[in-house]
Amino acid sequence: MALVLTEEQELLRDTARGFVAGRSSLKRIRALRDGVDRDGFSRDLWREMARLGWVGIVLPEPHGGLGLGYTELALVMEELGKGLAPEPMLSTVLLGANAILLGGSEAQRAAHLPAVAAGERLLALAHQEPHGRYDVHHVETRAERAAGGWALRGEKTQVLDGQVADFLIISARTSRNVRDADGITLFVIPPDAAGVAIQRQARLDGRNAAIVRLDGVRVDADAVVGAPDRGGPLLGRMIDRATIGLAAEMLGGMTAAFEMTIEYLKTRRQFDVPIGSFQGLKHRAAKLFCELELARSSVMHAARTVDEARDDAAVARAASLAKARCADAFVLAGYEGVQMHGGIGMTDEHDIGLYLKRARVAEKTFGDAAWHRDRFAALDGY
Amino acid sequence: MADLETFREETRRWLVANAPAAVYAPLASADDICWGGRKAHYPADVTRWLGVMAERGWTAPMWPREYGGGGLSRAEAKVLAEEMGKLHLRPPLTGFGLTMIGPLLLQEGNDAQKREHLPKIVRGEIRWCQGYSEPGAGSDLAGLQTRAARDGDVFVLNGQKVWTSYADKADWMFVLVRTDPEAPKHNGISFLLMDMETPGVSVRPIKLISGASPFCETFLSDVRVPIVNVVGPVNGGWRIAKMLLGFERTMIADAFKERDDKQRLVTLARRYLGEQNGRVADPLVRDHIAQVEMDQACLDLTLARARDGAKAGRPPGPESSIFKYYGTELNQRRRALALDVLGPQALGWEGPGFDDEELRATRDWLRSRGNTIEGGTSEVQLNIIAKRVLGLPD
Chain A
0 MALVLTEEQE LLRDTARGFV AGRSSLKRIR ALRDGVDRDG FSRDLWREMA
50 RLGWVGIVLP EPHGGLGLGY TELALVMEEL GKGLAPEPML STVLLGANAI
100 LLGGSEAQRA AHLPAVAAGE RLLALAHQEP HGRYDVHHVE TRAERAAGGW
150 ALRGEKTQVL DGQVADFLII SARTSRNVRD ADGITLFVIP PDAAGVAIQR
200 QARLDGRNAA IVRLDGVRVD ADAVVGAPDR GGPLLGRMID RATIGLAAEM
250 LGGMTAAFEM TIEYLKTRRQ FDVPIGSFQG LKHRAAKLFC ELELARSSVM
300 HAARTVDEAR DDAAVARAAS LAKARCADAF VLAGYEGVQM HGGIGMTDEH
350 DIGLYLKRAR VAEKTFGDAA WHRDRFAALD GY
Chain B
0 MADLETFREE TRRWLVANAP AAVYAPLASA DDICWGGRKA HYPADVTRWL
50 GVMAERGWTA PMWPREYGGG GLSRAEAKVL AEEMGKLHLR PPLTGFGLTM
100 IGPLLLQEGN DAQKREHLPK IVRGEIRWCQ GYSEPGAGSD LAGLQTRAAR
150 DGDVFVLNGQ KVWTSYADKA DWMFVLVRTD PEAPKHNGIS FLLMDMETPG
200 VSVRPIKLIS GASPFCETFL SDVRVPIVNV VGPVNGGWRI AKMLLGFERT
250 MIADAFKERD DKQRLVTLAR RYLGEQNGRV ADPLVRDHIA QVEMDQACLD
300 LTLARARDGA KAGRPPGPES SIFKYYGTEL NQRRRALALD VLGPQALGWE
350 GPGFDDEELR ATRDWLRSRG NTIEGGTSEV QLNIIAKRVL GLPD
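Chains as they are written, first to last, in numbering that gives the first Met the number 0: chain A, 0 to 381; chain B, 0 to 393.
Accuracy of the hints is not assured; some may be wrong.
Here are some, though not all, of the chain B residues that point toward chain A, as calculated from beta-carbon distances under 10 Å [stated by the list, open to error]:
no., residue
1, D286
2, D294
3, A303
4, A311
5, S377
6, A385
Below, computed lysine to aspartate or glutamate pairings styled on EDC-like, alpha-carbon distance capped at 20 Å [as the list claims (entries may be wrong)]:
no., chain 1, residue 1, chain 2, residue 2
7, B, K168, B, D139
8, A, K26, A, D36
9, B, K261, A, D373
10, B, K168, B, E216
11, B, K386, B, D139
12, A, K286, B, E378
13, B, K241, B, D139
14, B, K241, B, E378
15, B, K38, B, E124
16, B, K386, A, E9
17, A, K286, B, E328
18, B, K386, A, E262
19, A, K26, A, D350
20, B, K261, B, D339
21, B, K206, B, D167
22, A, K265, B, D393
23, A, K286, B, E318
24, B, K261, A, D379
25, B, K310, A, E7
26, B, K206, B, D299
27, B, K310, A, E6
28, A, K286, B, D393
29, B, K310, A, E9
30, A, K286, B, E373
31, A, K286, B, D299
32, A, K363, B, D286
If you want a taste of the chain A side facing chain B, the calculated C-beta under 8 Å gives, among others [unchecked claim]:
no., residue
33, P232
34, M259
35, I261
36, K286
37, M299
38, H300
39, A323
40, W370
Hint data in this document are derived by calculation from the structure and do not stem from the laboratory. Glycine is no exception: its CB is placed at the ideal position from the N, C-alpha and C atoms.
Required output: the full structure, derived from the provided sequences and hints.
Written out as structure tokens, the structure reads:
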């Protein structure tokens, strides 16, 4: 697939750009952060995004989706990323819906995907554990057979949109040892099941996350997503796709931070000249531009790798390439943005700091740059 | 598509029938590359390979047939390259004629110039060199002082060029000269084509820190060049010069990735640092290798993006400066990392105790330090990006 946009894709991008510019100001992001909003995002906007087809953008048409590709999804994610929009694309679409789509039964797909695409159902993946770092196979949470079903016990942390989700997808160990890829099973459960306790967390970017405690939660056999003990590879496939979506969001964030900084370099005057005329700053800005261009290529390539239906290893490799690149570039754009803004960049009042905070959270979600370099090396056989 | 498949079949058959056995062998060193020209002598098979390919115009597959090119469409040229790649065939010819002055003449040359020079480039008869830099005009290229004074139908050249790649091996030079010393510096420059055998041209090689001498000084003393050899308007050479630099920068970025086999750093790391569970044992070096290879992959994708954009009718603008800047910086990191992998075995200059690969790594590292200077320094590239892409004020 060529690394250029088609006319239809450009149109989609422009629509998303107009949507974010018109409906999702950074003032809104601040209000969500500073208020006591239980949801942490706008349900009105979410329904509108569903009407525009974006929530179901990669879901098949029979399940109410648009049946488009990750190339299209990445364009929407990028524009949402520019505006730091916290609507639950990552949790509900890229993680939750993908679990059901890639691993679920026909009944589960029919039960969840049309509701997701319509913007009426939120999903969350509860996979991260307090001692797991970036290893998705680190699963201490246990599920034991009990009276025709299962009983779940354990603790999940930093579950994205965990406190607003209508269903939770839980990774639990059903056999073997704590860090094994085998022996993991995924379950889809309602958050109001007996024994589930959810506690909202506050992270530095202000977005939704929660601790999910499972204390002997009883679920039926049909709550299993995919086959018992075979959840490890499924988690990998979902999270690689989510990583690509996140990288696209990060591309948008770094682009917005960069544009904000370049604008400041042109308008801020010191020593009677715009500070952007100083070569010390020009070269740093130009180097950052290179990093952004390379990041864009890596994201386009990753999205196309999924769309070309390449094998899991190719998708994993492209996901790691994009995530490592975007992690480093977004954090750098945040650092350079704050530095070049000078004192005002350190104030809460200025928006550049919002991007630095999001950069750090996104960088450490699904593995940081060093973690992905190590995985890339392993996938390439060294 | 059916036509293209037929073309592929025929091409493959023709290549197999006509490629001499020796040109299937991988290039052992840069010296094996055929640059053509009147001065060099190549092995018989290399000359024969050049001959049969040039006869079809396939040394310059996409140039028009009337100038000796292959007249192939982009898709056909891609097929030819793919089939040559599958057979591991060497390119029959390389050089600044094919990559720089040829494309420039196709765009800016007049018909007589195209007819005179392009077919000779295609056939590898004439090897070209580039006369840009001067002792007093490096990054500030427009400050060049080589004087071209009009005398009837000729320009009389006096001055000195430096960093002329392979001037000692080249037959012709494209050279920037000052034709109007009174005009503002960008407006008094012309772009000339000059036969290196013209009386008054003398050449002296420069020895580099790596020990090699790929560059020369070129001295011009009352060299008479016909006015018909001006490309574009007299005093309008700066625009032409910059256009050619665009070709050069894309070429430089492209050139670095072809040379090494892909896994060279990994192979070296396994040999010098050992393995553990099938992986390079030292996790820090492994991380550095992954960083270099991932940066390379992203750069390659960005080059592919620029090419795809050009095919879709969006030719590269000043943002192509990122290729020169990033490609050369990356090559330096790659060369330096190879030394880190080799450890004390990276310290040899020649002679016993060091094998050829170790000695080559050391020389390549030294040579790479020039990558960020030649063809426009990294700092000049960053200035171009800041000014012309980002619009930052002067």
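For each hint, the structure was consulted:
About 6 Å separates the beta-carbon of D286(B) from the nearest beta-carbon of chain A, less than 10 Å, and the hint is met. Satisfaction of the interface hint for D294(B) is found here, the shortest Cβ-Cβ separation to chain A being roughly 7 Å, below the 10 Å cut-off. Contact between A303(B) and chain A, as hinted, is supported at the beta carbon level, the nearest pair being about 6 Å apart and thus within 10 Å. At about 5 Å, the closest approach between the beta carbon of A311(B) and any beta carbon in chain A falls short of 10 Å, and the interface hint on this residue holds.
Annotation: interface hint on S377(B) holds; nearest CB of chain A at approximately 9 Å, less than 10 Å. A least Cβ separation of about 4 Å between A385(B) and chain A falls short of the 10 Å threshold, and the interface hint therefore holds. For the hint pairing K168(B) with D139(B), the CA-to-CA distance comes to about 27 Å; that exceeds 20 Å, so the pair is violated. This hinted pair checks out: K26(A) and D36(A) have alpha carbons roughly 14 Å apart, not beyond 20 Å.
Between K261(B) and D373(A) the alpha-carbon distance is near 18 Å, which keeps this suggested pair within the 20 Å criterion. For a cut-off of 20 Å, the pair hint linking K168(B) to E216(B) stands: about 12 Å separates their Cα positions. Proposed proximity of K386(B) and D139(B) is supported: the alpha carbons are some 16 Å apart, at most 20 Å. With a C-alpha separation of about 10 Å, the suggested pairing of K286(A) with E378(B) holds against the 20 Å cut-off.
The suggested pairing of K241(B) with D139(B) holds, with an alpha-carbon distance near 13 Å, which does not exceed 20 Å. Restraint check for K241(B) and E378(B): the C-alpha separation of about 17 Å stays at or below 20 Å, so the hint holds. Straight-line distance between C-alpha atoms of K38(B) and E124(B) comes to about 10 Å, which keeps the hinted pair within the 20 Å bound. About 27 Å separates the Cα atoms of K386(B) and E9(A), which puts this hinted pair outside 20 Å; it is violated.
Proposed proximity of K286(A) and E328(B) is supported: the alpha carbons are some 11 Å apart, at most 20 Å. Straight-line distance between C-alpha atoms of K386(B) and E262(A) comes to about 13 Å, which keeps the hinted pair within the 20 Å bound. With a CA separation close to 9 Å, the supplied pair K26(A) and D350(A) stays within the 20 Å bound. Distance restraint check for K261(B) and D339(B): the Cα-Cα separation of roughly 18 Å lies within the 20 Å cut-off, and the hinted pair is therefore satisfied.
Distance restraint check for K206(B) and D167(B): the Cα-Cα separation of roughly 13 Å lies within the 20 Å cut-off, and the hinted pair is therefore satisfied. Annotation: proposed proximity of K265(A) to D393(B) holds, straight-line Cα distance about 10 Å (limit 20 Å). Restraint check for K286(A) and E318(B): satisfied, since their Cα atoms lie roughly 12 Å apart, inside the 20 Å limit. This hinted pair checks out: K261(B) and D379(A) have alpha carbons roughly 11 Å apart, not beyond 20 Å.
Note on K310(B) and E7(A): the hinted pairing holds, with a Cα-Cα distance of about 18 Å set against a maximum of 20 Å. As the CA atoms of K206(B) and D299(B) are separated by approximately 32 Å, the hinted pair breaks the 20 Å bound. Restraint check for K310(B) and E6(A): the C-alpha separation of about 15 Å stays at or below 20 Å, so the hint holds. A C-alpha spacing of about 18 Å is found between K286(A) and D393(B), which places the hinted pair at or below 20 Å, so the restraint holds.
A C-alpha spacing of about 17 Å is found between K310(B) and E9(A), which places the hinted pair at or below 20 Å, so the restraint holds. With a CA separation close to 19 Å, the supplied pair K286(A) and E373(B) stays within the 20 Å bound. Restraint check for K286(A) and D299(B): satisfied, since their Cα atoms lie roughly 17 Å apart, inside the 20 Å limit. Straight-line distance between C-alpha atoms of K363(A) and D286(B) comes to about 18 Å, which keeps the hinted pair within the 20 Å bound.
The criterion of a C-beta within 8 Å of any C-beta in chain B is not met by P232(A), whose closest approach is roughly 21 Å, and the hint is violated. Here the hint on M259(A) is broken, as its CB sits about 13 Å from the closest CB of chain B, past 8 Å. Interface restraint check: I261(A) against chain B, minimum CB-CB distance 6 Å, threshold 8 Å, status holds. Satisfaction of the interface hint for K286(A) is found here, the shortest Cβ-Cβ separation to chain B being roughly 7 Å, below the 8 Å cut-off.
At its closest, the beta carbon of M299(A) sits 7 Å from a beta carbon of chain B; the interface hint therefore holds under the 8 Å criterion. Nearest Cβ of chain B to the Cβ of H300(A): about 5 Å, under the 8 Å cut. The hint holds. Checking A323(A) against chain B: minimum C-beta separation of about 6 Å stays under 8 Å; hint holds. Interface restraint check for W370(A): the shortest CB-CB distance to chain B comes to about 10 Å, outside 8 Å, so the restraint is violated.
The structure is inconsistent with the numbered hints 7, 16, 26, 33, 34 and 40, although it conforms to all the rest.
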